[in-house]
Amino acid sequence: MNVPGDRPHARAPLLLRTYKLPTPQLVAYHPHYGGCKSWIDLHESISLAAATPAIPENTYSELVAQICQITGDSSYISPNK
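The opening residue of the sequence shown carries number 324 in the numbering used here; numbering runs sequentially from there.
One or more hints might be untrue.
Said to hold, decoys possible - Now the in silico label distances, taken between C-beta atoms and shown as ranges:
no. : residue 1 : residue 2 : range
1   : Leu337    : Leu365    : 17 to 25 Å
2   : Gln392    : Tyr356    : 16 to 24 Å
3   : Ser398    : Pro347    : 32 to 40 Å
4   : Trp362    : Ser397    : 24 to 32 Å
5   : Ala351    : Gln389    : 33 to 41 Å
6   : Leu338    : Leu371    : 12 to 20 Å
7   : Ala388    : Asp364    : 27 to 35 Å
8   : Leu338    : Leu365    : 15 to 23 Å
9   : His366    : Thr394    : 31 to 39 Å
10  : Ala373    : Ala351    : 19 to 27 Å
11  : Glu385    : Leu337    : 17 to 25 Å
By construction, these hints were calculated from the structure, which means they are not laboratory data. C-beta atoms are modelled at their ideal positions from N, C-alpha and C, and glycine is treated no differently.
Please model the entire structure based on the sequences and the hints provided.
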């Protein structure tokens, strides 16, 4: 399967670190959000200053290590670790 140059291979997992906001945020719809898109830039920014990890760092690191072991790909491991 050929994939355009700047996109990751379609079968490669994408590991995202998610964070919880202290209060829910309402995101108003804007026409440029419509259509089939993987990512969008929000029209108005949301402060992430008080956001906390959805899962603890050690749990996330363990999950990343398991995925690396399963896939045989260590590129998911942060060079800062």
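Taking the hints in turn, this is what the structure says about them:
no., hint, verdict
1, Leu337 to Leu365: 17 to 25 Å, "holds, 19 Å"
2, Gln392 to Tyr356: 16 to 24 Å, "violated, 37 Å"
3, Ser398 to Pro347: 32 to 40 Å, "holds, 34 Å"
4, Trp362 to Ser397: 24 to 32 Å, "holds, 25 Å"
5, Ala351 to Gln389: 33 to 41 Å, "holds, 38 Å"
6, Leu338 to Leu371: 12 to 20 Å, "holds, 18 Å"
7, Ala388 to Asp364: 27 to 35 Å, "holds, 32 Å"
8, Leu338 to Leu365: 15 to 23 Å, "holds, 22 Å"
9, His366 to Thr394: 31 to 39 Å, "holds, 36 Å"
10, Ala373 to Ala351: 19 to 27 Å, "holds, 21 Å"
11, Glu385 to Leu337: 17 to 25 Å, "holds, 18 Å"
Hint 2 from the list above is the single one not met by this structure.
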